[in-house]
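Student: Residue-level listing of the chains:
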Amino acid sequence: MPLRPGRAGRVGVIGHPVAKTAVVAKAVTPGPAPVAKTAVVVAAVTPGRAGRRRI
Amino acid sequence: MTDMTTEFAHQNTDLDSLGPVDYIVVEFPAGASNFTGEMAEELLALVDSGTIRVIDVLILTKNEDGTVDAMELSDIEQLGPLERVETQLAELLAEEDVAHLAAAMDPGSTAGVLIWENLWAAPFASAARRSGGQLIANGRIPIQAIIASIEADDASTTEGD
Numbered sequence: 039m040p041l042r043p044g045r046a047g048r049v050g051v052i053g054h055p056v057a058k059t060a061v062v063a064k065a066v067t068p069g070p071a072p073v074a075k076t077a078v079v080v081a082a083v084t085p086g087r088a089g090r091r092r093i
Numbered sequence: 737m738t739d740m741t742t743e744f745a746h747q748n749t750d751l752d753s754l755g756p757v758d759y760i761v762v763e764f765p766a767g768a769s770n771f772t773g774e775m776a777e778e779l780l781a782l783v784d785s786g787t788i789r790v791i792d793v794l795i796l797t798k799n800e801d802g803t804v805d806a807m808e809l810s811d812i813e814q815l816g817p818l819e820r821v822e823t824q825l826a827e828l829l830a831e832e833d834v835a836h837l838a839a840a841m842d843p844g845s846t847a848g849v850l851i852w853e854n855l856w857a858a859p860f861a862s863a864a865r866r867s868g869g870q871l872i873a874n875g876r877i878p879i880q881a882i883i884a885s886i887e888a889d890d891a892s893t894t895e896g897d
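Going down the list, the sequences are from chains A and B.
So the first sequence is numbered by our numbering: it starts at 39 and just counts up by one.
So the second sequence is numbered by our numbering: it starts at 737 and just counts up by one.
Derived from the structure by calculation, the hints contain no laboratory data.
Please note that the accuracy of each hint is not assured.
[Stated by the list, open to error] Among chain B residues calculated to face chain A with C-beta under 8 Å, some are:
1. 761
2. 762
3. 825
4. 828
5. 829
6. 830
7. 832
8. 833
9. 834
10. 836
11. 839
12. 882
13. 886
Every residue, glycine too, gets a C-beta built ideally from N, C-alpha and C.
Model the full structure from these sequences, guided by the hints.
Tutor: Pasting the structure below:
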């Protein structure tokens with residue numbers, strides 16, 4: 039189906055072709071222990087987790 | 737400017753109170769979609785709670801030859817509860833945006849494009865501006881980057897043992 043006429047001839051807001059991002063579900067479910075890996079990521083963004091930052 | 741974009745501008749004449757606007761493209765590979773209405777329910781919950789305002793929605797299909805078909809939300813016959821979102825859309829995306837967004841899609845897939853205003857962020861952003869702050873960078877940290885960081889950290893710790 040065609041786009042609404044109002045979308046034609048206007049300057050876009052995206053500006054450039056979009057690159058596909060890596061699929062997150064694949065990133066957190068590789069290997070034999072996907073649940074463990076997901077837990078590690080969750081722990082990394084949990085409040086109160088300190089000690090990783092090295093500047 | 738078209739009627740719809742004019743309407744969008746009028747809805748947001750006070751730019752100082754406009755929240756950040758984001759977009760996502762959610763791809764459904766051929767044969768992998770499982771629409772149960774759950775996505776619509778969650779989207780409406782975000783709208784009803786005042787967390788976001790939906791600005792534009794398009795459904796794109798990329799054919800095997802690379803051509804792209806675009807569908808307006810209003811083209812769907814049985815919108816159900818999404819109908820009240822559809823009536824509020826501002827038609828922000830232009831035709832050239834369709835090609836740019838579809839560049840990320842695989843042939844044979846269908847994708848939903850969602851543009852929204854982060855209403856939750858507007859008061860903070862407004863306060864930051866009134867305080868003299870200027871947004872000089874923003875972005876999203878991919879989960880993959882967090883995993884890579886943790887794994888690199890773990891590896892260096894192990895080497896140090």
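Student: Looking back at the hints listed earlier, which ones does the structure fail to meet?
Tutor: 2 and 3
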